[in-house]
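**Student:** Protein chains in written order, with my numbering: chain X, 4 to 461; chain S, 4 to 461; chain W, 4 to 461.
Since the hints were made in silico from the structure, they are not lab data.
You may find that some hints are simply not true.
Identical copies carry no separate label here, and so any pair may be met within one copy or between two of them.
To be verified - Once the Cα atoms are required to be at most 30 Å apart in a straight line, the calculated DSS-like pairs of lysine-lysine come out as:
hint, residue 1, residue 2
1, Lys233, Lys66
2, Lys233, Lys22
3, Lys97, Lys233
4, Lys119, Lys233
5, Lys17, Lys233
6, Lys97, Lys119
7, Lys390, Lys315
8, Lys390, Lys459
9, Lys315, Lys394
10, Lys233, Lys100
11, Lys100, Lys119
12, Lys315, Lys119
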Amino acid sequence: MFFLNWSASTGWQKSRMSKITPKAAMDKPELSRRVSYEQLPDALAGVVVGCAECHTLNPETHKDSFDHNGYQVHTVVTPQDCSTCHSVEADQFKKNKMSHAYGNLEDNLLYRELTKSVTGMQSFQNMATTLQDPDELTLSDACRQCHGTSVQVEDFVVRETFYGDMEFPVLSGWPNQGVGRINPDGSKGSCSACHTRHHFSIEMARKPYTCSQCHKGPDVPAYKVYEVSKHGNIHSSLGREWDFDAVPWTIGKDLTAPTCATCHVSLVVDGEGVVVAERTHQMNDRLAWRIFGLPYAHPHPLSPDTTIIRNKAGLPLPTELTGEPVMEYLIDEAEQATRRARMEQVCTSCHSQSWVDGHFVRYENTIEKTNEMTLTATQILLAAWEKGAAKGPEQGNSIFNEAIEKMWVEQWLFYANSTRYSSAMIGADYGVFANGRWYMAKNIQEMVDRLHLKMKEE
Amino acid sequence: MFFLNWSASTGWQKSRMSKITPKAAMDKPELSRRVSYEQLPDALAGVVVGCAECHTLNPETHKDSFDHNGYQVHTVVTPQDCSTCHSVEADQFKKNKMSHAYGNLEDNLLYRELTKSVTGMQSFQNMATTLQDPDELTLSDACRQCHGTSVQVEDFVVRETFYGDMEFPVLSGWPNQGVGRINPDGSKGSCSACHTRHHFSIEMARKPYTCSQCHKGPDVPAYKVYEVSKHGNIHSSLGREWDFDAVPWTIGKDLTAPTCATCHVSLVVDGEGVVVAERTHQMNDRLAWRIFGLPYAHPHPLSPDTTIIRNKAGLPLPTELTGEPVMEYLIDEAEQATRRARMEQVCTSCHSQSWVDGHFVRYENTIEKTNEMTLTATQILLAAWEKGAAKGPEQGNSIFNEAIEKMWVEQWLFYANSTRYSSAMIGADYGVFANGRWYMAKNIQEMVDRLHLKMKEE
Amino acid sequence: MFFLNWSASTGWQKSRMSKITPKAAMDKPELSRRVSYEQLPDALAGVVVGCAECHTLNPETHKDSFDHNGYQVHTVVTPQDCSTCHSVEADQFKKNKMSHAYGNLEDNLLYRELTKSVTGMQSFQNMATTLQDPDELTLSDACRQCHGTSVQVEDFVVRETFYGDMEFPVLSGWPNQGVGRINPDGSKGSCSACHTRHHFSIEMARKPYTCSQCHKGPDVPAYKVYEVSKHGNIHSSLGREWDFDAVPWTIGKDLTAPTCATCHVSLVVDGEGVVVAERTHQMNDRLAWRIFGLPYAHPHPLSPDTTIIRNKAGLPLPTELTGEPVMEYLIDEAEQATRRARMEQVCTSCHSQSWVDGHFVRYENTIEKTNEMTLTATQILLAAWEKGAAKGPEQGNSIFNEAIEKMWVEQWLFYANSTRYSSAMIGADYGVFANGRWYMAKNIQEMVDRLHLKMKEE
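Just chain X, with the same shape it has in the complex (with noise of 0.2 Å):
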């Protein structure tokens, strides 16, 4: 009954959806508009998007339209139907990885052995575990509520509606605001994710908070990281006085210290109104490493689709398992320089070249000296499947199972994450004690009394 939803159609009121005609959007100064299409169907040209513009889209792909009296509306709004006023933006997101995250963690045999392992059922019999599948309730309430789910049409049901008795699709994996969700329509991922239905506020997408939602566990700390920043401290403590609806964000003017969304997403300009980087929505666009979610960093991958990467060993990594990057598969020193460049436009924007040349140094070092230690960490757990003080993948096991397999994957999944987050943005203390260099050194030691301890067991 979502036409009596309060929030949906108040949010909504109170959006730039509700009060500008995708006509007039267009025609905005270029630096100032909002909206990418080519052309327009002739029905939204000269109306304000309602709930019918965005809910009736592209009825013919849309398994999940239903008969609404005599119109053909779906409850999933998706990338697809949004491309229709935003094609640059729909268009840049299917490039970035994070469109792909259903299909990256399900598709790859390594991941899915490692969502196995957090999420499956483990039960106690003969003083030993056992590891069951896990079921797809568990796994649309963890991985997925980030990744997205697959949602389909299962069935429909009638219900008893204001309208009189109406019939609805019943829809697994929902309801998912994921990253990565599939659509019904067949397409990848959910913009409301960072743009808030129904209020699809440009100023909430630019507040950390958003980011936040996904970006915050120890896997993944960026909004701790940046919170603690100085460019955080400046956030929390001014951020109240500045203008995030304004396009172009204008550097000094708008915002006097960057969101999330200035370094890696917005079109900012300076205060003479030159471009200083042009808005993306593939964000990796200004990032030359990927730092957390793999074993070592490494170049960003040229496809968002990770799942075709193999490495020497055959493994769906993009890195050996001893840290060596598998280039093929990855963007060259040229296209990392490029994206670097990118991101250094916005940094001089504030400071000078020497303190950005001084941060890329320290930053590129903590990139290599972590991967060190997760080098160390390896080592001791190739030592201890070679001794027997765990069971390794050459007979068949999984590698993220037993304890100190799961204290390897902390080594580089929590901690050398951490301190790379903080490096890149000088988060302090997450590169030291909280989850950061502490505990690399300290999980180190606790791995080799495990490994000398385990030995002496069998």
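On the provided structure of chain X, position chains S and W as indicated by the hints.
**Tutor:** Just chains S and W now, kept in the frame of chain X:
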């Protein structure tokens, strides 16, 4: 010398208390009322509620009363005092487990053991530790900060004041604003736990920061989960435009996403003024399941006094050690359905029924699965006791003291718990890597490792 | 190219610096002054303080000076420069341990060992680990982000600029805003650690987010504890209405609950304009106890340079390894009483004396008890060394490297610490389950388990 208390006097001046008489407050339309008395003492009807109006109430029951220029005043204003004008809320609060938070901890033998294991001093001699009973000051500084202290008049002392020498009571367990405080007048609880003196601001009570005072740690990460949820993000990003002071609280108009209070406490109405949920100060009124603080999630207890509960094994627990609920002391399925329906009324103000249905199916699955993972941990602990890897309760030992026992406690007190909160509010990583399923899975493997290592040790 | 630095120029334009001359600032009533010079260089008296006024000061001592269109300018503005107008604050800051944060870490042999154990690379060969000395870039990226780097002129480099080719200094340890930075002019510290350039906003320095930059990790969770305290809740809920810019800062009028600065730094007055506390930039001026960073809480050191301290065992520690304070280097009871009295002046502005008395009795009990729990952990560590379960200092080994030694460090650096902060500010769960007593108790049991398992191993 609270008569020269600058924050008290200025806070009060800014409060509604200083601006409206109880009589005028009662004359408001029913849904706008913030008072609920049946009959008011004559002395209070026609004046605004200042210092004396509260601090001189019910002197006969207040053992902490003392003479102040001919008036009997008391330091500790209690729910019994507040009930003079807010009788309905005070009565509801009596049925709220929170008001029993002191006794439910103190008078439950098992919880007293847990408390001792956390707060008692440990010493090390002859290669082993011994555990002493905790001292009163430590208890007041630890568990009782939230659960409440027992505030008793220990003595009287003369102090020099602005008005000459005056005699003041010396109170045990003071200061304290714990929600289950035992007061000198015999009443239970502290309204100022949430309604911070002397603003008594409904705005503050409705903001999630108030709940975070007690509900942020790993044992009850409600605020942390809320913060990274979509609801929390909307509040952080757009909440500064909301009206936190309106009574009733209108969804869509005064607020566009819920805070803790919206779902659990407040009187909320829809855009047409229709009541969506009645105000309640029995916070489990809209909750079917009790998801924290005990080894297994279970239906809410019938009585706010949980010390009366006994399972089949004779333990003061609402489930067996293996998870079966002790239904005799718990609400039945019909009552669970009633409470869930109350909550769904709030949900469906902004979400479709299929959204809400999908959400609750997942949530109840997560309750079941987290209980299973606790059972597995319990079975490992039972094996440890049986095999002599830890000293079990059979020999009269505490079940909370040894390392492997503490690992078991973390399984349910931290990890199962966090996972359920994440499911309830869609707090993404708190159900996975931030104290969620990752830790449930890892902890089981750590317990098994420890079990085997300790068995070899013997 | 900081002359095209958009945030610097717009930040400065919004700052008080751009709006008032030092002379006019000194002509204000004494309590409203934000400057404290005795005599001002003629050149500064009659103009507002712009870029050149700071960046060209004291060229003779600034090794980082370089020629800029005929002027000698320098990059790193230092406390020595700021002292031109803020001499009293600069002098106080010299007595603040924070200004010695670089040396106190670097020139203390024991701390250097701890630093090495955290930041040095570990490698694994022949079933054992080795530890290397940390590299300079890592140190700058880790501990020194807060403690400060040593900024030295390494070289000069020519860069193309808007004004043609210019020669700039190449600085080691740059960028850095650590509070104990060693500057190119030989001075210690960085005012911009808290007074962020180029707003130099007192509002920002008074907000708790500023302190959180360095005081949020598990080693010093001051901000985290504040955030869940009643004080922090009031700030979060109602702080947006406060006046963070007023000098003096009036309790009850400008603010109704303290931030970090209120209790530890700011000049605060009561509602009648009477001084409650003088401004201080020696932040332990109102503190009797030093509660973090060392194995045992103890009275504050007499000198901000703590490298001079030696205990009876010859270690650079303010207590023995078993907890007894080395009083020769520490403030005595009279000075402790003086400092506590200064703090109580702030407390009693809003709380009764009995409230405050009760609070401090609990706090000092918690200091005693947490010291006891550290002693217990220390005794287990001593036993481990004695029994060969770890390699002790007798053989010249570090006391920080092995797993059980790191467990001991966490006992005091994280858990005792967190418990004390929680007690000091009533941060509830940080004294129990959030890195508090739960972990102190569990860690001791884990250490005992490890001790026995490692003994069997030998």
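**Student:** State the violated hints by number, sorted upward, taking the hints as numbered earlier in the document.
**Tutor:** none
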